[in-house]
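Q: Using the hints provided, position chain B relative to the given structure of chain G.
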Amino acid sequence: MRRLRLPRPATLVLLGVGAVLGPGVARAESSLTASARAVAHDLGTVPRAVLVVASPLHSDVAAPRGDELASRMASLVAAALGGDARAEDRPMPLADARARSHAGTLRAAAVLFVDVRVEGGELRLTADLFPVVANAWDRVRAAPPPPVAHAYVHAPVAAEVRSYLAPVRLEGARVSKFTHDAGPVLAMACGDLEGAGGNDLVLVSRREVVVGHLEAGRFVAARRAPAASLGRRAEVPMREPVASAAIVAGERGGVLYVGWTDRGLAAVGPDLTAPAHLAAMTHAASLPVKAGDEVVCLVPDSAAGGFGRVVDCEAGGPRLTPPVPLFDAWSAADIVGVDGASVRVVAARDPSAVLHLTRGDESFAVSDVGAQLAVADLDQDGVPEVVSTMARGEDALVVSSWEQGGLAPRLRLSAPGGVDAVAVCPPEVDDAPSVVAAVGSEIWLVR
Amino acid sequence: MSADRPALRPTRRQALVAAGVLVSQALLARPILARGRIALGGRLSLRVPWPVAAIDPHRLDDAAALFFGLCLFDSLYAVDASGAISPALAESLPEPSPTGVSVALREGVRFASGKRLTARDVSASIARARASGANGWLDPVGAVRVTRSGALALGGRAVDRVARALASPLTAIVPEGFAPERPDGTGPFAARRQGDALVLGRNRFAAQGPSFLDELSISPAADLGASLRAFESGEDDLGWLGLGLHEPRRGAVPFDAGLLGWAILRTGDQAGRWNAPGVAQRLADGIEPARLAHLGVRADSPAQPDDGWGGAPTALLVRADSPWLVELARAVAVALSRPGHEVTVSPVAAAELGAARSSRAYGLALDLVRPFDQTPLGAYVALVTSEDPVRGAQLARRPPLGGAAGTPRVTGRLLRVGVVADVRLQGGRMPDLVLPPGPSGVGVDFGAIVHPRLRVL
Chain G
1 MRRLRLPRPA
11 TLVLLGVGAV
21 LGPGVARAES
31 SLTASARAVA
41 HDLGTVPRAV
51 LVVASPLHSD
61 VAAPRGDELA
71 SRMASLVAAA
81 LGGDARAEDR
91 PMPLADARAR
101 SHAGTLRAAA
111 VLFVDVRVEG
121 GELRLTADLF
131 PVVANAWDRV
141 RAAPPPPVAH
151 AYVHAPVAAE
161 VRSYLAPVRL
171 EGARVSKFTH
181 DAGPVLAMAC
191 GDLEGAGGND
201 LVLVSRREVV
211 VGHLEAGRFV
221 AARRAPAASL
231 GRRAEVPMRE
241 PVASAAIVAG
251 ERGGVLYVGW
261 TDRGLAAVGP
271 DLTAPAHLAA
281 MTHAASLPVK
291 AGDEVVCLVP
301 DSAAGGFGRV
311 VDCEAGGPRL
321 TPPVPLFDAW
331 SAADIVGVDG
341 ASVRVVAARD
351 PSAVLHLTRG
361 DESFAVSDVG
371 AQLAVADLDQ
381 DGVPEVVSTM
391 ARGEDALVVS
401 SWEQGGLAPR
411 LRLSAPGGVD
421 AVAVCPPEVD
431 DAPSVVAAVG
441 SEIWLVR
Chain B
1001 MSADRPALRP
1011 TRRQALVAAG
1021 VLVSQALLAR
1031 PILARGRIAL
1041 GGRLSLRVPW
1051 PVAAIDPHRL
1061 DDAAALFFGL
1071 CLFDSLYAVD
1081 ASGAISPALA
1091 ESLPEPSPTG
1101 VSVALREGVR
1111 FASGKRLTAR
1121 DVSASIARAR
1131 ASGANGWLDP
1141 VGAVRVTRSG
1151 ALALGGRAVD
1161 RVARALASPL
1171 TAIVPEGFAP
1181 ERPDGTGPFA
1191 ARRQGDALVL
1201 GRNRFAAQGP
1211 SFLDELSISP
1221 AADLGASLRA
1231 FESGEDDLGW
1241 LGLGLHEPRR
1251 GAVPFDAGLL
1261 GWAILRTGDQ
1271 AGRWNAPGVA
1281 QRLADGIEPA
1291 RLAHLGVRAD
1301 SPAQPDDGWG
1311 GAPTALLVRA
1321 DSPWLVELAR
1331 AVAVALSRPG
1341 HEVTVSPVAA
1351 AELGAARSSR
1361 AYGLALDLVR
1371 PFDQTPLGAY
1381 VALVTSEDPV
1391 RGAQLARRPP
1401 LGGAAGTPRV
1411 TGRLLRVGVV
1421 ADVRLQGGRM
1431 PDLVLPPGPS
1441 GVGVDFGAIV
1451 HPRLRVL
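Protein chains in written order, with this note's numbering: chain G, 1 to 447; chain B, 1001 to 1457.
Isolated chain G (complex conformation):
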């Protein structure tokens, strides 16, 4: 089984050798094309004249253009196979595909049947290569031959796939509220830390880190670790503590990065202990944040009351150039457009509550933005959403889309209790990312 990561962009390769890049570099890569290439690669050698047929789309969300998506996958896989491979222009069941393979004048040497599914927020492709029985008598006498090659690929649903599905209406999002006993929450992270396929929720307070899940109206803690056991105290902390957390998922369990401005960075496994290979990361006092697939670290400048550098968490060298010299809140995400191109969006709030957004060469600033911040493509339309809070007055959780020319409000949830932290959860049982917010003694799940 192979999980297809979002295309590893050229920028990340360059970053790996230490280059420092701007905050928003576009990368052209279609996730559908990449998925098709992965299928072709995993199948190995296939007969030259293969017929590629896609199944009708199985989807756990409404897919008004499902047949188009399936047919598109068939043609992309055929293109990836090269040679004389050709694609059937409409989806059909396997039995029909077998019949189709020896019908007509262009008889195929083999049929590649691609089962196309959209489930759990993923595009899942299962490809089986079947030989074609040329003799009609053999076809009648014997059972259909089993597949001779197999491939399975899955990839997160992004704007390119979402364009074939029913659109997500953020304006109609519902809020579910859960109580928690973690005390004042400084930061949250959401993702598959256990490696079990579902999302785990991490709450970070000044005193401890709690991993758990939401169930029956409350946050159920599975494991806790005192902050003192995770990171050494910082030489010069910020008087107002700030924390962050980021989960990097893995099939055998992910890694949780957590940091406080008054403690050093820690990288721990699902059991909240530091594996040996991550122990080197537990020294520098910095805040880990995700930037696309990677985790980078924000270095606090306690005397200035913010952060000024974005560095490699392990080596400490410069990693990204922030859009403003001093910022006190940060979020970044790689947003995949409907054309499959990926662009990094960075949001950084300066201490005067002005939010600076960058996307490629484009930039935009908006004032009076609160300190809780997240960027993601929540409706998977290729346009980034900014989740933020209020800088003054009664607090609220605000979701806006960064359209051309400015932020378009999509959702506003009044939060008189004050929003302490926000995070975005990857798609799970439903089809789109969700937002979690710590509001006093409650966790709000917005989806």
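Just to be clear, a hint being listed does not mean it is correct.
What the hints assert, rightly or not - Ranges of calculated distance between the beta carbons of each label pair, as one might list FRET restraints:
hint, chain 1, residue 1, chain 2, residue 2, range
1, B, S1082, G, R223, 21 to 29 Å
2, G, S229, B, G1177, 55 to 63 Å
3, B, V1434, G, S441, 34 to 42 Å
4, G, D271, B, V1410, 50 to 58 Å
5, G, S441, B, S1082, 53 to 61 Å
Claimed, not checked - If you want the ones that stay clear, here's a sample from chain B, every Cβ over 10 Å from chain G, calculated:
hint, residue
6, I1038
7, G1156
8, R1204
9, S1337
10, R1398
As the list claims (entries may be wrong) - To give an idea of the interface, some chain G residues facing chain B are shown, with a C-beta separation under 10 Å as derived from the structure:
hint, residue
11, R233
12, A234
13, V236
14, P237
15, R239
16, T261
17, G305
18, R309
19, D312
20, G316
21, V366
22, Q372
23, M390
24, R392
25, G406
26, L413
Keep in mind that the hints were calculated from the coordinates and are not lab data.
Cβ atoms here follow ideal geometry from the backbone N, Cα and C, with glycine treated the same way.
A: This is chain B only, laid out in the frame that chain G set:
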């Protein structure tokens, strides 16, 4: 008829409950504002009727340290409002060792001067605190030794008692060779002199985090009116003991950050037979609270009937550079004097008062005492030590039954010092200037003050 009816005056408990309800209602009615970050910046200024030319965290009678010690200094441990102890300059609580306990210091901590904190600084600070009057209080700590590896080994074995002793502001950690005139510490501010003023700027190396304010300027007030005059005119941001000199500053509200120490009356050898345990406290208890009200002294209990000073005419020594104490001395002298038994205020230099205190060559003296911490034991040991450091050390080891549990005035009945008045941090402020309480629940955490013009964003 109505004269026969008992007055419907609320009891103290009822008044406290009512005040609590009002405060909680006010808090409930207040909308909870957006959670932004606290903006750094701004400058505040105030004048105090106390000397600020030097600040010595280890002195029991240091007024500047009483009010502003937390701005500049940290101890190895800290006590919160619930009494819980947590590491401050130490990495963790003391660890038992074969010879006592060991204390690991936080790595990378620097004083405001940039000098790195070492175990030698801690050892020197403890020795200095002991020499300045904390010998009894530090008794549980035992011998202090810096190991070859630079660690700190203490002879004390009771982890809790060691940590509590080292959590006192009177055991703050300063660099070796510390000079009170050029104070250097790990607190949120770094000190510098500007004329007569003590100017506290943000300490970029602060071990608990640099201050939110850019600067806090503290000037000595020549008299009690100077601070109120400056506050009333808007020149200062805090008014000492009131809302204004001639009339309250418009919109100003009072604040009271709690009891920080005590003004004490001492009896010396020149008091003759009046130099006996309990006399000073009896004299202090006989002063009508109304006589001290203009100094912000609250009447916790009515005056006890007393005949005042009955010894030979004598001088009441007081530090000349402390206008508040001088004013208090005047009020005390008037209250105690009787015909033929006059008490005359004699303002003297701090050094002269110190010498008289050591030799006990005085009749009466008015002084200041800081508690070691907010517990009854902290008050008890401070008062006993202020009378006699040697006896203080002995009594600190074995407090008499009930002695440490009583109020400071009860303790004073055992001593040749008596509590005259509480010393409180109180006065006037504008409503938008919020004064966060100190970590232990009393005083003001000046490092956490947010300038009112820099709202939380």
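Q: All hints, please: hold or fail.
A: The hints, checked one at a time:
1. S1082/B / R223/G: 21 to 29 Å: At 27 Å between Cβs, range holds.
2. S229/G / G1177/B: 55 to 63 Å: violated (37 Å)
3. V1434/B / S441/G: 34 to 42 Å: violated (24 Å)
4. D271/G / V1410/B: 50 to 58 Å: holds (55 Å)
5. S441/G / S1082/B: 53 to 61 Å: With a Cβ separation near 20 Å, S441/G and S1082/B fall outside 53 to 61 Å, so the hint is violated.
6. I1038: Non-interface label fails for I1038/B: nearest chain G Cβ at 5 Å, not farther than 10 Å.
7. G1156: The claim holds: G1156/B sits with its nearest Cβ about 23 Å from chain G, beyond 10 Å.
8. R1204: violated (4 Å)
9. S1337: holds (50 Å)
10. R1398: holds (36 Å)
11. R233: holds (5 Å)
12. A234: It holds, given that the least Cβ distance between A234/G and chain B is near 8 Å, below 10 Å.
13. V236: For V236/G, the interface hint holds, since the closest Cβ of chain B sits about 6 Å away, which is under 10 Å.
14. P237: For P237/G, the interface hint holds, since the closest Cβ of chain B sits about 5 Å away, which is under 10 Å.
15. R239: Interface hint status for R239/G: holds (3 Å vs cutoff 10 Å).
16. T261: Where the cut-off is 10 Å and the nearest Cβ of chain B is about 8 Å from T261/G, the hint holds.
17. G305: Check passed: Cβ of G305/G comes within 4 Å of chain B, closer than 10 Å.
18. R309: violated (16 Å)
19. D312: This interface hint is violated because 21 Å lies over the 10 Å limit.
20. G316: Not OK, violated: G316/G not within 10 Å of chain B, min 15 Å.
21. V366: Not OK, violated: V366/G not within 10 Å of chain B, min 14 Å.
22. Q372: holds (7 Å)
23. M390: It holds, given that the least Cβ distance between M390/G and chain B is near 4 Å, below 10 Å.
24. R392: Result: holds, 6 Å to nearest chain B Cβ.
25. G406: violated (21 Å)
26. L413: violated (13 Å)
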